[in-house]
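Participant: For the record, the sequence lines run as chains A and L.
The first sequence begins at 8 in this note's numbering and counts up by one.
The second sequence begins at 24 in this note's numbering and counts up by one.
It should be emphasised that the hints constitute simulated quantities derived from the structure, not laboratory data.
Bear in mind that the values here come from a model prediction, so they are computed numbers and not experimental data.
Note that beta-carbon positions come from the ideal geometry of N, C-alpha and C, so glycine has one too.
Warning: the hint list may mix true and false statements.
Stated by the list, open to error - Some residues of chain L that are not near chain A, with every Cβ distance over 12 Å (derived):
id : residue
1  : Pro37
2  : Gly50
3  : Gln68
4  : Ser80
5  : Glu82
6  : Ser107
What the hints assert, rightly or not - Taking CB as the label site, the calculated pair distances span:
id : chain 1 : residue 1 : chain 2 : residue 2 : range
7  : A       : Tyr80     : L       : Ser80     : 33 to 39 Å
8  : L       : Ser80     : A       : Glu22     : 41 to 47 Å
9  : L       : Ser80     : A       : Thr27     : 22 to 28 Å
10 : L       : Asn86     : A       : Asn63     : 27 to 33 Å
11 : A       : Glu12     : L       : Gly39     : 20 to 26 Å
12 : L       : Asp94     : A       : Arg29     : 34 to 40 Å
13 : A       : Ile51     : L       : Asn86     : 28 to 34 Å
14 : A       : Pro57     : L       : Gln25     : 41 to 47 Å
15 : L       : Ala32     : A       : Thr87     : 32 to 38 Å
16 : L       : Ala129    : A       : Tyr55     : 28 to 34 Å
17 : A       : Glu22     : L       : Gln78     : 45 to 51 Å
18 : A       : Thr73     : L       : Leu106    : 43 to 49 Å
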Amino acid sequence: GIQVEQSPPDLILQEGANSTLRCNFSDSVNNLQWFHQNPWGQLINLFYIPSGTKQNGRLSATTVATERYSLLYISSSQTTDSGVYFCAVSGAGSYQLTFGKGTKLSVIP
Amino acid sequence: SQTIHQWPATLVQPVGSPLSLECTVEGTSNPNLYWYRQAAGRGLQLLFYSVGIGQISSEVPQNLSASRPQDRQFILSSKKLLLSDSGFYLCAYQPRPYPNIQYFGAGTRLSVL
Numbered sequence: 008g009i010q011v012e013q014s015p016p017d018l019i020l021q022e023g024a025n026s027t028l029r030c031n032f033s034d035s036v037n038n039l040q041w042f043h044q045n046p047w048g049q050l051i052n053l054f055y056i057p058s059g060t061k062q063n064g065r066l067s068a069t070t071v072a073t074e075r076y077s078l079l080y081i082s083s084s085q086t087t088d089s090g091v092y093f094c095a096v097s098g099a100g101s102y103q104l105t106f107g108k109g110t111k112l113s114v115i116p
Numbered sequence: 024s025q026t027i028h029q030w031p032a033t034l035v036q037p038v039g040s041p042l043s044l045e046c047t048v049e050g051t052s053n054p055n056l057y058w059y060r061q062a063a064g065r066g067l068q069l070l071f072y073s074v075g076i077g078q079i080s081s082e083v084p085q086n087l088s089a090s091r092p093q094d095r096q097f098i099l100s101s102k103k104l105l106l107s108d109s110g111f112y113l114c115a116y117q118p119r120p121y122p123n124i125q126y127f128g129a130g131t132r133l134s135v136l
């Protein structure tokens with residue numbers, strides 16, 4: 008099956024700083040989603056982005072499908088951005104999402 | 024609008040007891056449904072998925088089973104819980120035919136003692 012690697016595994020930022028999270032995947036995909044897991048465990052959909060670039064407020068994401076990676080940008084980070092960010096993908100002909108191990112982000116005031 | 028409900032939010036059960044977790048979806052018909060487990064706060068593992076009533080696929084052989092008695096209802100069960108069944112269980116749905124996006128419920132935190 009598809010392998011998903013996320014980096015870095017842990018990231019500590021000062022409030023107001025910018026960051027880039029990376030997701031590498033081993034095969035072509037028909038679905039790529041970024042999630043934020045909050046301290047209560049809820050998985051919040053951030054982006055559905057199998058290719059291209061999207062922006063939503065301070066967050067943006069880019070997927071370069073031909074090179075098999077996706078990037079999540081967080082600008083002007085806030086303490087509420089803390090949590091674990093997951094990248095998840097599914098391959099052609101499959102509905103099943105394979106998750107990376109996540110990046111744990113801590114934003115300190 | 025579409026919503027997903029999962030309950031209970033928290034559950035503490037003794038070893039050897041049965042388990043039933045329920046998930047229901049509103050606002051969409053014939054969704055794909057999924058059960059995931061998350062252990063130790065990281066990494067989600069797909070347990071079961073269903074593309075229709077009575078159609079269940081298992082990804083990991085284990086002490087758990089799943090059923091889909093109605094179009095928008097997905098149940099995770101066990102006859103006898105093990106300590107290793109502890110974890111955070113998440114239900115998800117994927118509306119059809121489009122978009123190809125999974126949406127997650129709030130999860131159930133299960134502790135087996």
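Participant: Of all the hints given earlier, name the ones this structure violates by number, lowest first.
Facilitator: 3, 4, 5, 9, 10, 11, 14, 15, 16
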